[in-house]
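Undergrad: In the order they appear, the protein sequences are chains A and B.
Each residue of the first sequence is one higher than the one before, starting from 12 at the first, in the working numbering.
Each residue of the second sequence is one higher than the one before, starting from 12 at the first, in the working numbering.
If you're looking for bench data, these hints aren't it; they were derived computationally from the structure.
Be aware that a few hints might be false.
PhoX-like, lysine-lysine: derived pairs with alpha carbons at most 25 Å apart [unchecked claim]:
#1 A:K286 / A:K144
#2 A:K30 / B:K260
#3 A:K649 / B:K323
#4 A:K61 / A:K323
#5 A:K531 / B:K20
#6 B:K286 / B:K144
#7 B:K260 / B:K649
#8 B:K260 / A:K82
#9 B:K20 / A:K649
#10 B:K30 / A:K260
#11 A:K20 / B:K323
#12 A:K286 / A:K152
#13 B:K400 / B:K385
Some residues of chain A that are not near chain B, with every Cβ distance over 12 Å (derived) [claimed, not checked]:
#14 D191
#15 N227
#16 G258
#17 H325
#18 H381
#19 Q606
Ideal Cβ placement from N, Cα and C applies to all residues, glycine included.
Take a look at the letters that make up each chain.
Number of protein chains: 2
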Amino acid sequence: MAPPPDHTKPHYELPASLKPAGPSGTDILARERARASFSSDELSLYLFGKEALDKQDAIVAILENDSVLDKSSVYYYGRSDLFRYALRKEKRLQQLQIEHNWSREDVMLADSLCDVPGPFNLNRTMFITTLEKMATDEQRKLYLEPAYANQITGCYAQTELGHGSNVQGLETTATWIEQDKEFEIHSPSLTASKWWIGGLGRSADHAILMAQLIVNGKRKGPHPFIIQIRDVQTREILPGRLIGDIGPKAGYGGVDNGFMLFDHVRVPHVAMLAKLARLDPDSGLYHPPANPALNYGTLSWVRANIVQQASKVHMRAVTVAIRYCSIRRQFQDRDHPLFENGKPLETPVLDYTSVQIRVFPLIARAFAFHYTAKYMFELYHRNQINMDKGDLSLLADMHATSSGLKSYTSIASAQSIEDCRRACGGHGFSLAAGLPTQYANYLPTARYLFKTMRALKAGNAPKEDTVTTDYMRRYLRARQERASIKYTGDLLDPLFFGRAFGHRAAYLTERALALRDEQKRSWNELLVDLFNMSKAHSEYVIVRQFAFAILSDDDLNRRPAIRSVMQQIFLLYACHTMVEEGADFFASGFIDSEQFALLRATVQKTMAELRPNAVALVDAFKLPDYLLNSALGRSDGKVYESLFDFALREPLNAVKWNTDVNDLQTLDIERAERAKL
Amino acid sequence: MAPPPDHTKPHYELPASLKPAGPSGTDILARERARASFSSDELSLYLFGKEALDKQDAIVAILENDSVLDKSSVYYYGRSDLFRYALRKEKRLQQLQIEHNWSREDVMLADSLCDVPGPFNLNRTMFITTLEKMATDEQRKLYLEPAYANQITGCYAQTELGHGSNVQGLETTATWIEQDKEFEIHSPSLTASKWWIGGLGRSADHAILMAQLIVNGKRKGPHPFIIQIRDVQTREILPGRLIGDIGPKAGYGGVDNGFMLFDHVRVPHVAMLAKLARLDPDSGLYHPPANPALNYGTLSWVRANIVQQASKVHMRAVTVAIRYCSIRRQFQDRDHPLFENGKPLETPVLDYTSVQIRVFPLIARAFAFHYTAKYMFELYHRNQINMDKGDLSLLADMHATSSGLKSYTSIASAQSIEDCRRACGGHGFSLAAGLPTQYANYLPTARYLFKTMRALKAGNAPKEDTVTTDYMRRYLRARQERASIKYTGDLLDPLFFGRAFGHRAAYLTERALALRDEQKRSWNELLVDLFNMSKAHSEYVIVRQFAFAILSDDDLNRRPAIRSVMQQIFLLYACHTMVEEGADFFASGFIDSEQFALLRATVQKTMAELRPNAVALVDAFKLPDYLLNSALGRSDGKVYESLFDFALREPLNAVKWNTDVNDLQTLDIERAERAKL
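The following block holds chain A by itself, in its conformation from the complex:
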């Protein structure tokens, strides 16, 4: 079967005379670069060092001229073609490794530059690394050497359908059968199925399997085994294993994340990776591993890599956002309009402070994480030296700190990518609000709030009160108002929250107005403040209407059971929002530390009260299963059966895939066989 389809040719001609209006993107970037206060080459050198930069240049030069690794078609691919592309990419990388004598780090760098996650990723990392760490000399010869030579391809099978990172909870068993000196591998239930395992679905022929070791009827906890799952030549799945791709997911289409069930499969004693824990086949005695704390060192090193990766992710997201936002123009700046050749020019969106506040802190994070990762590597090395001297004093702090940093920076990365997309507006492929929404919607709101506040201060209030004059008037009469809440019971008056949110909205408006009218700040300098006061106004309206419904909706008051739940929900909404926006309420002096703690405790309390009602609440939304079309959200609760159903219908499961590194053309074996007929 041929390579994946080629989408490099246009289907249309564009008139060559058409150019973008205004200065070209190329010119704009040149001007931007010219006005920097430092040399970006020097900064690169400082950040990464000459060796790493040279290495990257050399590898990019190879990749970008390789026809197999050409990227111009990937965005058009559906799942099957993307997988086809990724499999060819993996094979090609293995060929290039030999051709250019690349180290494993070089291959990983090349793979990250290719940037299409593929089926061999975990073969290169988890499969080989685990063998290096856990295999005995005999096992290294049997498995690691063929893996280095690309003769076998592996995956790392830990997660199960019903069990994520809780390794202790795994269900798959490996029972030692004393009389035969063999292990029996078995999946006792549907949720015991291995799930999400990268490379397992269609390509790997071996697996590192995490399973509960059972010796003499006693559980010894999860241990690693190495198990062959497919015939290396024919790609047939071996007997007793049920294996396939898990089906559609968001992203990662080039990876065959797989499932695997075992039906009483026997494997020899050598299958248990025995460098740390081991089972004596003659005596049947189990020997547990030495101090697991010694493993913490390696973990810290892995985590330092994750933090460094988070820094890279930030760099990549802001590279796209900064370049594009300096080229993209929208609206005229109200205070500083631009002109070119006498014609009005829209302002680059990067000049708007509302865009800067989204993107610049992410540049800052990229650097902050960079230094943190550097420190973590240093700490790792310092600790290794200490440990060699028997000094474990750094271990606990390093373990705890690196663990928190890993999570913190990973979450930050996911959010940053999202933030950058939004900053790019429509072309960032975002459906959510970008600059346009802010400008077109928050500005009129802010302008109106200013106008109303000015009128009230000048005594020119409109005769009839509106939502807005209502809370502003109250605030102007009682700027010094303080929340009087002390106990949970004080929070039962819904109108308290109306007063609180009104006080905050008016405070923010008055403060921003002073910056505008007294300190003569430009609109652009105020965009962040305008956004905040506009948001506070919206939250006031929402809280107020919710409070009114609780207090005076007759229909609701006739339904006491529902009214009481609705009151809890109101309390949760109001307290949670006050906690989230806590700084505003502190800044205006409206609440103090004790009251803030009370609000937080109330959030906790209302959540506990809502817990028994949670499922019934969402049932009340009456969203038909036809709409949801969701394995996870089905009204009948058949989550795991349904996830399997999706998996079993995945089209990739209908064909066999050839992983032979020397064969870049034949990817889909059955089709190829059909073609021969």
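Dock chain B against the given chain A, drawing on the hints supplied.
TA: Just chain B, lined up with the frame of chain A:
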């Protein structure tokens, strides 16, 4: 050409004996439902009313039994098959409308239940609505009646490649040619191309076009025109228009978002929609529209709908998250382990407060937005009655408030979907951290922080200081420490931020420890606090290492230009994080309102200083174009040319699509023609 492929059949058999371990999802949901304190049917009735619920039931019953609208294959489709599916769906909905005598609202409800956005969406909404509002009687006859009868299909072409929601900035021109009594439509540049227009790419035959009206050389601003773009029978694009699909995007694969360029195309006088503004063809005189404020009413109605939609989006996201999180189990609760038939049972993740805090506030938001939308509809009706009496007093407030609410709730929706996905963990298809990461990473960190704090308080400190004992010791000696910053200059000492973040991390730890040790709170009740203190610890480490780099990195100190930028970046990171986490710093009493304002002002100031260095900073990251593979982030700045290049290679652009409502089988005209050969 046949319908899109069918993926309803499994490629494998699963042994029927395999069941999920533990209680079944169906049983779990039944138990959950049994313990609710209210009737969910009654709540539905209260929320939506009987009529709406009955209507939904009736429509769902039709849809879920219609083979064309079957959803079981959609998740497997690539772009082309999804478009094929969506086009068939659109045709089928139009057939069902006639068959069941549905109103336009019914069709829209049915479409939202189908939940695969398709090419006719904007035909039904913007195209028809604009004609209803803006067309003269003559134009209604010419265009609206055929549109109602599904004889023509339209789109709404406003956005341009270089211009988002800034309508005033549109480049496409419509010049009145007095001598011929015609308009000449023209795209003067590449960025003038219409872009992102739903339904334009491959299906619509007519377009409402927003273009700059030019009369006698004078610009009259953007006005709506109706223009035929394709032959209704042959689907050929008419001369002078260059039209196609814009190519790959994230999501919305069933919609043919399109581009369109005009090359001096002449259209008759009747093309200008003339109910509001009009041009007298005889005198050539232009008559502007009446008071545009009158249009605000309609806008407010549209916005109330958006807020209601936001409520629905929240309902849908939490329906999936709540049901799944009540079934999914992970880890044993440390304080309250569960057992079933004597065997330990993992805890449903919905019992963890760290999951509740993500999901329950979103339930609360669903209701809060529901009441807000209700209020907005009421306000709209009240205002309409007032306006009929000539009373415009409500208009300004309604316009400003609804504008802010629209943005606020849309942003909230996008975030909520994301939050719910994360709460679902791996199976929520999220790459970001779910509960597993929190449990596996934050808990050890929190446990270690508790241990260290307890030891220090008991005087059992380790001999050698670590990162952690360092700041905790300082805090315990000086709990009452207050920030001494008053002017910008006071922020130039990087160590100030180390002290600030250390004080906060220690404060949060001591506070949570008191809840644990003195008030005997369970781990589960404390999960949110543990997360916060763990996060604060991570941020302390990051700020500290960044500060050290600024102070003592010799390599950096030898590069003054770079050091000075790095100092700005540090200041931005530290101040921005303090502002984001402001409530913590207020709660511990470390900062006051004046200092908070100083930090915010410093964020603003450092952003302004960084602006000229922005592009050079990201250039320094040295991310090759080969890696970025991004039209927006290219190092040469050719953003718009590159976006077009993606569009022109889109495979959908290689075929013609048949929109004939009566022909559900022939979708792809060229292939069908080839098949005839």
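Undergrad: Of the hints stated earlier, which fail here?
TA: Checked against the structure, the hints that fail are numbers 5, 11, 16, 17, 18 and 19, while the rest are satisfied.
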